[in-house]
Amino acid sequence: MNYNVNEKGYYGEFGGAYIPEMLYPNVEELRQNYLKVMAEPEFKKEFDQLLKDYVGRPSPLYLAKRLSEKYNTKVYLKREDLNHTGAHKVNNTIGQILMAKRLKKTRIIAETGAGQHGVATATVCALMGMKCVVYMGEIDIARQAPNVARMKMLGAEVRPALSGSKTLKDATNEAIRDWINNPVDTHYIIGSAIGPHPYPDMVTKFQSIISEEIKWQLKEKEGRENPDYVVACIGGGSNAAGTYYHFLDQKEVGIIAVEAAGKGVDSGESAATSALGQEGIIHGCKTLLMQTKDGQITEPYSISAGLDYPGVGPLHAHLYKSGRGEFYSATDDEAMLAGLELTKLEGIIPAIESSHALAIFKHKTFKPDDVVVISLSGRGDKDLDNYIKYFNL
Amino acid sequence: MNRINQKMQEDKKLLSIYFTAGYPSLNDTVKIIQDLEASGIDMIEIGLPFSDPLADGPTIQNSSTAALKNGMTTNILFEQLKDIRKTVSIPLILMGYFNPMLQYGVEAFCAKCQEIGIDGLILPDLPLAVYQDEYEAIFKKHDLKNVFLITPQTSDERIKQIDDASNAFIYMVSSASVTGSKSGFGNTQETYFERIASMKLNNPQIVGFGINNADTFNQATKNAKGAIIGSAFIKHLTKNGVNTISKFVSKIR
Ligand SMILES: Cc1ncc(COP(=O)(O)O)c(C=O)c1O
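Here the protein sequences come in this chain order: A and B.
Quick note on numbering: my numbering labels position 361 of the first sequence as 366, and the sequence is numbered without any gaps.
Quick note on numbering: my numbering labels position 43 of the second sequence as 1059, and the sequence is numbered without any gaps.
Since the hints were derived computationally from the structure, they do not count as laboratory data.
Hints should not be assumed to be uniformly reliable.
To be verified - No more than 25 Å apart at the CA atoms, straight line, and that leaves these computed lysine-lysine pairs for PhoX-like:
#, chain 1, residue 1, chain 2, residue 2
1, A, Lys268, A, Lys70
2, A, Lys13, A, Lys41
3, B, Lys1085, A, Lys13
4, B, Lys1098, A, Lys298
5, B, Lys1251, A, Lys171
6, A, Lys298, B, Lys1176
7, A, Lys326, A, Lys394
8, A, Lys298, B, Lys1085
9, A, Lys70, A, Lys367
10, B, Lys1216, A, Lys171
11, B, Lys1128, B, Lys1176
12, A, Lys57, A, Lys41
13, A, Lys369, A, Lys220
14, B, Lys1085, B, Lys1241
15, A, Lys394, A, Lys268
16, B, Lys1216, B, Lys1251
17, A, Lys106, A, Lys210
18, B, Lys1241, B, Lys1267
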């Protein structure tokens, strides 16, 4: 089985570029150039340097002793929460802003749900002196006020998405419309491993630094490069794609995905795409998505704004369908408790997105000598309000 | 001969109208089509509403959301249209996004269109390459013309590919924009309209996006075979309901 994208932009049967002709020149320009640009020694050097000096990479691989004890297995946390701006999202925005510069773009647009990707984009735009517009659902603007303030402080314009459910899906629609309206000077920095080819592959490759580091870090600590399992939460799937990337062809490494079940997979308020989705087209990509029998995209729900997306990246649809990945989903309650548990046991407050990955222990029992690496994709500062409300702190 | 091809041979500039099926009310579809034909419209694009219309501005987004709220579905639209050919003879084109068609089943969708007497399809997010690899044979089997879009940014090379793949007309998007966002044409459009005219394409061109009155209609059709009005017509329906359609049309042509 092949887990790389093919010539036409597909992972198995998923992927492609289902875009209106208005977007064809932009997406085609990117498709023709992205691999070439990423292979340039100068590009690599600049990317690596920024990841090191600006983002603070490598992010630690931390042996979580008390968590390991509690679940009687060996748990390592990949500390993406310690990155500048507080999540894995910045790995991708650094890569894409350098790409945009190579393509001579002068204006950046992005969509954001929780605001993490918006902040990561606004940050690199400030760094490079580029104009930045971030689309964010009106509802998310209200529930993620601190991140809105951060983006503004960084010089970005935050435009509310007023259509549909006024959350991430609609912010993505608005960003795509902006790109249609500004086809020449603008680059669209998509924040997850979604969208038309080549985005899923490009985002995955920028995020693959996560598994690249896990390999040598684990070698140092355990004397072997491959863990028994890698675990990540999936919204669109960028932290997961980066965490899995270098292990996809290593059969002995189990790939585990945790989606957001919201109030329960069958509650009607969920974002567990693999369980609830059918094959279709969302945001320019053939993948699994939550939709009606009639092909209308439905509104997802999760307590975590970053997982509140009705689709999943095409790589993950392929991992699901082919059986390469084990897919689970964690409810709001399971995730919140797992987040609190990590805080108490290890002194780390995780993002609620990442708490979903930590909830894997409610669904799967590992062996005592298993080495389990969990992607701690982000920190919980942005979620304090939610934690406070939920636990009456 | 397919009704669209026939229509393209008429010696006049064509006026086509887009509307969203199920808007303003669920069951307005047939009346709107009949009134448009009676008002002298040459061709109609019937919009199958979609939850996430990427290429559309606020006017068509809102009409789509309202139509879905009214209960419009693919099956209901087909049901509403089942006897349409008893009363209407101008070309009818279904316009929509690809996902609802995919869920219905492409083959079944095309067969149903043929049964009803639909002449063509416009699916902005079904790309040329995918159409040619996977669906062209099915469309042809059911005598459905597929209409592709071009924009001011489309390269000459790609326009030629699209011309080769087309068999009815080419939908010329007037400017780099979603629907309903620009009013009036400037130098960019003039240059673009002339560039396309000078390419001497095999297929006639119909201009859409940004046509909202007699002026823009005349400008757009100076070189092209016709023009399509969408958002301006939806706005008219929003304001005036479905009883003054001929009044709207008489102000354009
Ligand atoms: C901390 C964190 N983790 C995970 C996600 C989910 O995105 P993805 O699935 O692309 O990693 C987000 C999105 O906002 C996030 O902020």
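The hints, checked one at a time:
Taking the CA atoms of Lys268(A) and Lys70(A), the gap is about 31 Å. The hint is violated against a cut of 25 Å. For the hint pairing Lys13(A) with Lys41(A), the CA-to-CA distance comes to about 17 Å; that is within 25 Å, so the pair holds. Proximity of Lys1085(B) to Lys13(A) is assessed by CA-CA distance (about 37 Å); at most 25 Å being required, the pair is judged violated. Distance hint between Lys1098(B) and Lys298(A) is fulfilled; the C-alpha atoms sit about 21 Å from each other, no more than 25 Å.
The hinted pair formed by Lys1251(B) and Lys171(A) meets the criterion: a straight-line CA distance of about 23 Å does not exceed 25 Å. With a C-alpha separation of about 37 Å, the suggested pairing of Lys298(A) with Lys1176(B) is violated against the 25 Å cut-off. Between Lys326(A) and Lys394(A), the direct Cα distance comes to roughly 38 Å. Violation of the 25 Å bound is thereby established for this hinted pair. Under the criterion of a C-alpha separation no larger than 25 Å, the hint pairing Lys298(A) with Lys1085(B) is consistent with the structure, at around 15 Å.
A hinted pair counts as satisfied when its Cα atoms are at most 25 Å apart, and Lys70(A) with Lys367(A) qualifies at roughly 18 Å. For the hint pairing Lys1216(B) with Lys171(A), the CA-to-CA distance comes to about 45 Å; that exceeds 25 Å, so the pair is violated. Simply put, Lys1128(B) and Lys1176(B) have alpha-carbon atoms about 31 Å apart, too far for the 25 Å limit, and the pair is violated. Only pairs whose Cα atoms come within 25 Å are accepted, and Lys57(A) paired with Lys41(A) is accepted, the gap being roughly 23 Å.
Between Lys369(A) and Lys220(A), the direct Cα distance comes to roughly 23 Å. Compliance with the 25 Å bound is thereby established for this hinted pair. For the given pair, Lys1085(B) sits about 36 Å from Lys1241(B) by alpha-carbon distance, which is inconsistent with the 25 Å threshold. As the CA atoms of Lys394(A) and Lys268(A) are separated by approximately 16 Å, the hinted pair is consistent with the 25 Å bound. The straight-line distance between the Cα atoms of Lys1216(B) and Lys1251(B) is roughly 35 Å, outside the 25 Å bound, and the hint therefore fails.
A threshold of 25 Å between alpha carbons decides the hint, and for Lys106(A) with Lys210(A) the separation of about 18 Å falls inside it, so the pair holds. With a C-alpha separation of about 19 Å, the suggested pair Lys1241(B) and Lys1267(B) falls inside the 25 Å cut-off, and the hint holds.
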